[in-house]
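K.L.:
Sequence:
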Amino acid sequence: MILMSFNASQISLPVSMKSVVDQVADRLPQYPQLREFFTNTFSNTYCTTVRPQADGSMFVITGDIPAMWLRDSAAQVRPYLHLAKADPLFANLIAGVVKRQMAFILLDPYANAFNESANGNCHNKDKTEMSDWIWERKYELDSLCAPLKLAHDLWKATGQVDHLDDKFVSAAGLIVSVIRLEQRHENSDYRFERFNCPATDTLSCEGKGNPVGYTGMSWSGFRPSDDACEFNYLVPSNMFAVVALECLAALPLNDDALKRDAKALAKEIRFGIEGFGKIQHAQLGDIYAFETDGLGHYNLMDDANVPSLLAMPLMGYCSKSDPVFLATRKFILSAANPYFYQGKAATGVGSPHTPQDFIWPISLCVQGLTSNSKAEKTELLEMLMRCDAGTGLMHEGFHKDDPSQFTRPWFAWANSMFAEFLLDLALDS
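Residues in the sequence shown are numbered from 56 upward in steps of one, following our numbering.
Honestly, I wouldn't trust all of these hints.
Calculated pairs, EDC-like style, for lysine to aspartate or glutamate (alpha carbon to alpha carbon, straight line, at most 16 Å) [stated by the list, open to error]:
hint: 1; residue 1: 314; residue 2: 256
hint: 2; residue 1: 182; residue 2: 110
hint: 3; residue 1: 211; residue 2: 301
hint: 4; residue 1: 399; residue 2: 437
hint: 5; residue 1: 180; residue 2: 91
hint: 6; residue 1: 73; residue 2: 91
hint: 7; residue 1: 375; residue 2: 479
hint: 8; residue 1: 222; residue 2: 301
hint: 9; residue 1: 314; residue 2: 301
Note that these hints are calculated values from the structure, not bench results.
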């Protein structure tokens, strides 16, 4: 089913959610249409994608695809951390998402998307070790990191620990072992091949990916866009791994060895990023590359999907004022980035995952969330609200000159990112 329209005003929302909507609308009275925008986007995940399970966990679809991505589901419920501080309904919802994510990781830490049951549904019949639970088995480093960060943020926001059970500890141990193994991908059994498809949907060298040298970073087969990496040390995903592993080490777990291992691994990966993930740009000085292989090759770009280089401070890898981040940000938001588009309707970052000249609302929200400028944030808010094609919702991508041309009418991750941006702009800035 594709949700072609959604109007939250026709649904009875929890009191805590309605209260935050009122706060945001009251803080930004100069935008009378904002109440409807924020209500729709803030509630979209809660109202349309969450499916409670018999074991108390929560299965969360992305929207128009009936599968649960580990990364997407974490991002979809992130704005509800704002509610979880005072409302057990949302604290338990997020805890349920973490429990389902960790159960899936125990089934297969290399899969990026899962089915609600072992029904055998899948995106494609790929040459890899599939099971009936798996929708897609593209190994994306960030998929292992997102549940750790979400679990930590829930604990920090609420003090809640019931999601940090024995299953969580087992899954966290598996995450650490896989990330460590993939520091030396030549020792890994993971392979992925898809046939009769674009090159971005499969791995080269009989499913092993292109050659890499040791850097201390951890290998990733695919980007957060689900596109294959060109060079398999994906720098923003390794940045996210550093943060996620540090979050794991900080959790109140009764496994000191696991926490020490996570902290040590985070240190190794950070050393690899700083030693191999930067280049000297002729005009900007040191900037981070998007990808590298440890053999002297670099990919200079950024992608709208998160983790991204633009999202470094949002992930927690550095501050908004970090000089290398600022130089990298200047590169990303310029014509030097092959996926930065300037048009009549909007200017921003897109993705090779969608057509040329399509800007992603997710990237515009990340740009706002990582900016120190109130004027830039306001400009981005106004741009996002006039580029919804009259739907009151965000989309995957839209054409820079004509927002009525867009992809994915029901994409809950984009709606949650807009809600997170608005919460930051109205309540936290």
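K.L.:
Against each hint, give a clear statement of whether it holds in the structure.
P.N.:
Going through the hints against the structure:
1. Proximity of residue 314 to residue 256 is assessed by CA-CA distance (about 35 Å); at most 16 Å being required, the pair is judged violated.
2. Taken as a hint, the residue 182 and residue 110 pair is broken in the structure, with Cα atoms around 32 Å apart against an allowance of 16 Å.
3. Only pairs whose Cα atoms come within 16 Å are accepted, and residue 211 paired with residue 301 is accepted, the gap being roughly 13 Å.
4. A hinted pair counts as satisfied when its Cα atoms are at most 16 Å apart, and residue 399 with residue 437 qualifies at roughly 14 Å.
5. Of the supplied pair hints, the one linking residue 180 and residue 91 is violated, its CA atoms being roughly 41 Å apart against a limit of 16 Å.
6. Distance restraint check for residue 73 and residue 91: the Cα-Cα separation of roughly 11 Å lies within the 16 Å cut-off, and the hinted pair is therefore satisfied.
7. Simply put, residue 375 and residue 479 have alpha-carbon atoms about 14 Å apart, close enough for the 16 Å limit, and the pair holds.
8. Between residue 222 and residue 301 the CA atoms are separated by roughly 19 Å; this puts the pair beyond 16 Å, and the hint is violated.
9. Between residue 314 and residue 301, the direct Cα distance comes to roughly 9 Å. Compliance with the 16 Å bound is thereby established for this hinted pair.
The structure does not agree with the numbered hints 1, 2, 5 and 8 stated previously, though it agrees with the rest.
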